[in-house]
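Colleague: Using the hints provided, position chain B relative to the given structure of chain A.
What follows is the residue order along each chain.
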Amino acid sequence: MATDRIVGIDLGTTNSLVAFMQGESPVVIPGDDGSNLVPSVVALDESNQPVIGNAARKHLTETPERAVYSVKRLMGRGVDDVREELKFFPFRLAEDLQAGEVLRIKLGEKTFTPPEISALILRQLKRNAERFFGAPVAKAVITVPAYFNDAQRQATKDAGRIAGLEVLRLVNEPTAASLAYGLDKKQNGIVAVYDLGGGTFDISILKLHDGIFEVISTNGDTHLGGDDIDNLLITIALDDTLGDLGLDFRRNAEAVQAIRNAVIEAKIALSSQPLVKLDVELPGGKRYLREITREQFEQLIQPIIDRTVGPCKQALKDAGLKPEQIDEVVLVGGSTRIPKVRALVKELFHREPHTDLNPDEVVALGAAVQANILGGGSDATENMLLLDVTPLSLGIEVAGGVTDKIILRNSTIPASATQFYTTQVDGQANVAIHVLQGERELAKDCRSLARFDLKGIPPMAAGMARIEVKFLIDANGILHVAAREQRSGKESEIKVQPSYGLTDEQVEGMILDSFDSAVEDFRQRQVIEARNEAATILAALDKGKKSPAWGHLITDEKKKIAKMEKALVAVKAGDDYQAIRKAIDALNQGTTRLAELMMDSAVSTALKGKTMDEADMGEGPTAPHPMAKAEFE
Amino acid sequence: MRAAHFCQACGKVQPPAPVDYFAYFGLTRKLNLDVTILEKDFYELSRKLHPDLNAQAGSQEQEWSLQQSSMLNDAHRTLKDPIKRTEYLLKLEGVELEEQSKTATEQARSSGEIKKQIVPPDLLEEVFELNMQLEELRTHKKLGEDDPALIEEIARQKLELEEKQEALLRELEYRWKMWDGMVQREQNGQPVSEEERKQERDKMVDVLNRRNYIRNLVRDVNEVLEI
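Protein chains in written order, with our numbering: chain A, 217 to 849; chain B, 49 to 275.
If you're looking for bench data, these hints aren't it; they were derived computationally from the structure. Ideal placement from N, C-alpha and C gives every residue a C-beta, glycine not left out. Be aware that one or more of the hints could be misleading.
Said to hold, decoys possible - 30 Å max Cα-Cα, derived DSBU-like pairs, lysine-lysine:
hint, chain 1, residue 1, chain 2, residue 2
1, B, Lys246, A, Lys423
2, B, Lys88, A, Lys401
3, A, Lys533, B, Lys206
4, B, Lys212, A, Lys533
Claimed, not checked - Here are some of the chain B residues that sit facing chain A, going by a computed Cβ distance under 8 Å:
hint, residue
5, Tyr91
6, Asp100
7, Ala103
8, Ser107
9, Leu114
10, Ser117
11, Ser118
12, Asn121
13, Pro196
14, Ile199
The following block holds chain A by itself, in its conformation from the complex (with noise of 0.2 Å):
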């Protein structure tokens, strides 16, 4: 087992899950609720302590100005583009925000930056995996859409390294589902990944062929997902309320939350039912009754969905693919539920849609599998590679106010790209340089990725410098820029601050904060641990001097074990993590005959558990062992 464990994350809208590749196999692992799925709600306390996941959710019904879910939808974002969404969340940004500005959000007294929150759900993710392997984990793979801006795409490097991991790749959702998928089925053929989640809708085309996952085009939009969905309900029952009993909620946080976790069982409801109650009891006693059937939900939601087909229909033109030409359509996000979406999938594609992956789970096996690739790969990925695109174009703006496109979308990326530059004037020091995302023609319709300046241009006559610049967008999607006045040989390595983004320095603060605290609480936690499994074996070990197994020992053996007794009872109550969980060893070891002669009188076992031998890491559990070291919650 590699000691550098590398853990595949899924920083989901809705929902966020860590897995890792065991064996063959990739495998997500549980919270300590014995949960998979970590809901991606983040809440402050009373004390003001981040309460992260299911724990979260209770504060988001009950105090919900103090928390925030879908941070997702805020990440790489500016107050413009959040505008309609806010009405919805009950949070409240920063007053003093200016344009271009990372986004701040207030929960409490406190206020967090979007990467800030997600660094909070990532270090649950984390310590859950730290737990399950009783070692720490530095380094991840973490998921994003693949239609995600590079300002988006930097903004979740970000948070990871807030949370204290080294990112070492970003892969897109969809092609992580099709690692999933492609490890599954071991098939060749064209696979078209649908991925509508909570917040964001992605469609990719890839070809599978000897284990290479080539995408051939990538389309979707950044701002579609069951949210909508959600929304949309929760607008019709505000305006009941309104309509019918004359008050008006909107701006009551407690109301609103209540009504959308109404809404959002009706809707997970109604994809197994005909029809639903709506029962939501409001602020002052009244009570917001309805009955929605499942056509009318249909109905609703029609225009939603139907925003999923442009962009289909694009990614198979520019694949120069036919819908018939398909050979598998795999469904991937809690929206694809929904029968409505299914047929609607049915409709574009011809086809039934792969429906046997868990769709709130293979992107994280997925990011398992690419973790596993990066990690040096194993039997069963040692043929694998995947070769993605950069989803949107990259341009620089020119005379006219145009966007000359330098990169083409669906380039297939690492990519890069060399534009030479002049100056205008004799003696121009700088050269201002704008660069875009997008496929518009004119640059204001494009997503200003950044500007930056060429500074510190020799003194030249106008035109005879020759600023090479070169673009490279990298694996992860990320743009990285490079200068170099070619008559003075004169290099530069050029930051581009992304817009809505933080600067290294932001980042840097912010981990101390966190990366601190976590390393003590790691080793606190060891001991803690260490500590319980003491005493679990040696409450076993009380038992075992009852039973009737006991007297079948030579004294010799009772010796031994009266001698391990002691010395674990001695360092147990200490700091000493090493030496307790060597002395827990060595009375595992001890003690192994007298459970194999429990074994044989069939005495019932007071615990169960797996022998923690790392080889053995992660197998079934063996033959009840009463005296096995227990099982890490």
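Modeller: Chain B in isolation, oriented as in the chain A frame:
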């Protein structure tokens, strides 16, 4: 060829040499290319050079793998497409195809004039008529009117133009043969005059220009039809 990308002894990734795309794949500058072999080489090299498969290597190697990989992808993308391949070769030969057109476009934009485009002589009449029809259709559509006869006529002409595009591609492939023959003669030690070289280049430039013009026209037609 492979030796340039990896150390022959230990197989580790090397810094990319400043070669052109043809040389990167170990090819001579001939325009006729077996795309199937190119694909095969591309995948084989990807398996060795891709950053994902070099993630455990030292940071210098990882940096080289990133550079190599982007070079590989750029080279593959350019050589795979017949038009891009031709344009690239002409660029290597010193013909500033794209820059000519870009500079002209920028000049036109800053001066406010319409960029002068050379209409292929054999198309003069057609182009004139087609542009009139497109204008007519644009007006119809603005007023919300329908004119199926006009649309059918335009669609028919579009088909003809697309056929012309295809024919020009065939013509280009013929020019490739001439070019490759010349390159082969050079390789065999026979002298090739600068005059002949220039002639072959110019002929290819001409075919590309004509095809580009028609391609732009087809694009204009599609735009109007899709309003």
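Colleague: For a quick check of understanding: which of the numbered hints are violated here, in increasing order?
Modeller: 1, 8, 13, 14
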